[in-house]
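For the record, the sequence lines run as chains A and B.
24 is the number that UniProt numbering gives to position 24 of the first sequence; each next residue is one higher, with no gaps.
36 is the number that UniProt numbering gives to position 36 of the second sequence; each next residue is one higher, with no gaps.
Read the hints as simulated data drawn from the structure, not as lab findings.
Quantities reported herein were computed from a predicted structural model and do not represent experimental measurements.
Each hint should be verified, as a subset may be incorrect.
[Stated by the list, open to error] In silico negatives: residues of chain A with every beta carbon more than 10 Å from chain B:
1. D17
2. D37
3. N41
4. K66
5. G78
6. N115
7. R170
[As the list claims (entries may be wrong)] Some but not every residue of chain B turned toward chain A, in silico, with C-beta under 10 Å:
8. V15
9. E42
10. G44
11. S46
12. D68
13. G70
14. S71
15. E77
16. V78
17. S85
18. V105
19. M109
20. L113
Cβ coordinates follow ideal geometry from the N, Cα and C atoms, glycine included.
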Amino acid sequence: MELNVQSVLKWIEKLNDKIQNNKEYLTSLDQAIGDGDHGINMARGFQEVINKTTTSQYDTVSDLTKDVAMTLMSKVGGASGPLYGTAFLKLSMSVKGKDPVDHDAFTAGVQEALNGIQQRGKANEGEKTLVDVWAPVLRFLQENSEFEPGKLEETAKVAMESTKDIIAIRGRAAYLKERSKGHLDPGSVSSFYLFQSLAEVLQEGE
Amino acid sequence: MAYVGIVLISHSPKVAEGIKDIIRQVMKEVPVETAGGTDDHEIGTSVEKIQAAIERADGGKGVLLFYDLGSAMMNAEVAVELSESEDVKVAVDLPLLEGSYVGAVESGMGKSLDEVLAAVKKAFK
Ligand SMILES: Nc1ncnc2c1ncn2[C@@H]1O[C@H](COP(=O)(O)OP(=O)(O)O)[C@@H](O)[C@H]1O
Ligand SMILES: [Mg+2]
Numbered sequence: 001m002e003l004n005v006q007s008v009l010k011w012i013e014k015l016n017d018k019i020q021n022n023k024e025y026l027t028s029l030d031q032a033i034g035d036g037d038h039g040i041n042m043a044r045g046f047q048e049v050i051n052k053t054t055t056s057q058y059d060t061v062s063d064l065t066k067d068v069a070m071t072l073m074s075k076v077g078g079a080s081g082p083l084y085g086t087a088f089l090k091l092s093m094s095v096k097g098k099d100p101v102d103h104d105a106f107t108a109g110v111q112e113a114l115n116g117i118q119q120r121g122k123a124n125e126g127e128k129t130l131v132d133v134w135a136p137v138l139r140f141l142q143e144n145s146e147f148e149p150g151k152l153e154e155t156a157k158v159a160m161e162s163t164k165d166i167i168a169i170r171g172r173a174a175y176l177k178e179r180s181k182g183h184l185d186p187g188s189v190s191s192f193y194l195f196q197s198l199a200e201v202l203q204e205g206e
Numbered sequence: 001m002a003y004v005g006i007v008l009i010s011h012s013p014k015v016a017e018g019i020k021d022i023i024r025q026v027m028k029e030v031p032v033e034t035a036g037g038t039d040d041h042e043i044g045t046s047v048e049k050i051q052a053a054i055e056r057a058d059g060g061k062g063v064l065l066f067y068d069l070g071s072a073m074m075n076a077e078v079a080v081e082l083s084e085s086e087d088v089k090v091a092v093d094l095p096l097l098e099g100s101y102v103g104a105v106e107s108g109m110g111k112s113l114d115e116v117l118a119a120v121k122k123a124f125k
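This is chain A alone, in the form it adopts within the complex (with noise of 0.2 Å):
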């Protein structure tokens, strides 16, 4: 895989278009354990992150993360802000001066992005967050130099179903206990479209 800014852009229109047609089912997902405002977070973030990026130049990867980092961080209310904030800072920190980004540059920056995320919301694996997408997606990475991009996209998918058996440990869902189980969480299924959005970048580019 290789990815260099005009794909990483093409990656977040697709994010942003995912995420807009799905602003009311994030919500509703949010409503279920949460406080009912993934979607409407989600929404408004990223399509500043469009006005952006749409109207910026940009030379390297990691000028363009860097971008949807900090406006993530200052445009979303909730925690996936600062959450999904953290990640494009780490990633973008990861991968400067590596453009164009190959297979191990991402991997690490990811493994970055993860501990960022980690980092910023004391989350573990199993506790019923965005977490648990992104730990799965990771091992993906590190375990497959070469892969078919449908593949990426199945292992999220597994990874944002299984949070539907698990009970909450991290965030406003915590609150609910054994009462969150049988609902996905709303964050790791938001992830799951940041790497469907991916895979589809690489598919198109093979």
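Since chain A is already given, all that's left is putting chain B with the ligands on it; use the hints.
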């Protein structure tokens, strides 16, 4: 005399303002600034609001941040990292109302940032 500043971060602007009123009744000198709600005054928190409150509260002796729920803590930590200052700290896992009240009283005694934070921790651990 400079005092350690107090920043109140809440998902609700009303909560932050209300707590400030309670503190103001007893502590008039200590800088107390609020960062309540999102940029559009909805329920949530905003890094930009927190950064602005830190600047207003900083009289040279540092600033201590109090927050209500989990995502407010994350945004507080982001604001601290962006401030690149050693003199801005978050009161982690401490109650917003009682914690900031104790913090303001301690600050009013002229204590340092670390002393204020230690006193708040001691009061609630
Ligand atoms: N401490 C945490 N660590 C990791 N992820 C978290 C944490 N808290 C919340 N999340 C993720 O954020 C999502 C909720 O985002 P959002 O609704 O935008 O924020 P909020 O919880 O502030 O309303 C959750 O579904 C979960 O995946
Ligand atoms: Mg929410």
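Structure-based check of all given hints:
1. Under the 10 Å C-beta cut-off, the non-interface status given to A:D17 relative to chain B holds; the minimum distance is some 24 Å.
2. A Cβ of chain B approaches the Cβ of A:D37 within 10 Å, the least distance being about 7 Å, so the stated non-interface status is violated.
3. Remark: the non-interface label on A:N41 conflicts with the geometry, its nearest Cβ contact in chain B lying 8 Å away (cut-off 10 Å).
4. For A:K66, the condition that its CB be more than 10 Å from all CB atoms of chain B holds, with the nearest at approximately 13 Å.
5. A:G78, annotated as away from the interface, has a beta carbon of chain B within 10 Å; the closest lies near 5 Å.
6. With a closest Cβ-Cβ approach of about 15 Å to chain B, A:N115 is found to remain outside the 10 Å limit, as its non-interface label requires.
7. The Cβ of A:R170 does not lie farther than 10 Å from every Cβ of chain B; its closest approach is about 7 Å, which violates its non-interface assignment.
8. Contact between B:V15 and chain A, as hinted, is not supported at the beta carbon level, the nearest pair being about 15 Å apart and thus beyond 10 Å.
9. Below 10 Å, beta-carbon pairs count as interface contacts, and B:E42 has one with chain A at about 6 Å; its hint therefore holds.
10. Annotation: B:G44 was flagged as interfacial toward chain A, and the flag holds, the nearest CB pair being 3 Å apart, inside 10 Å.
11. This hint holds: B:S46 has a C-beta 6 Å from the nearest C-beta of chain A, less than the 10 Å allowed.
12. The interface hint given for B:D68 is broken, as the beta carbon of that residue sits about 12 Å from the closest beta carbon of chain A, more than 10 Å.
13. A cut of 10 Å between beta carbons decides the hint on B:G70: the least distance to chain A is about 6 Å, and the hint holds.
14. Hint on B:S71 holds. Least Cβ distance to chain A is approximately 4 Å, under the 10 Å limit.
15. The interface hint given for B:E77 holds, since its Cβ lies 7 Å from the closest Cβ of chain A, which is under the 10 Å cut-off.
16. The criterion of a C-beta within 10 Å of any C-beta in chain A is met by B:V78, whose closest approach is roughly 5 Å, and the hint holds.
17. The closest approach between the C-beta of B:S85 and any C-beta of chain A is roughly 17 Å, which is over the 10 Å cut-off, so the hint fails.
18. Violation of the interface hint for B:V105 is found here, the shortest Cβ-Cβ separation to chain A being roughly 29 Å, above the 10 Å cut-off.
19. The interface hint given for B:M109 is violated, since its Cβ lies 32 Å from the closest Cβ of chain A, which is over the 10 Å cut-off.
20. Taking 10 Å as the C-beta cut-off, the interface hint given for B:L113 is violated, the closest approach to chain A being about 23 Å.
When the structure is compared with the earlier hints, violations turn up for hints 2, 3, 5, 7, 8, 12, 17, 18, 19, 20 and for no others.
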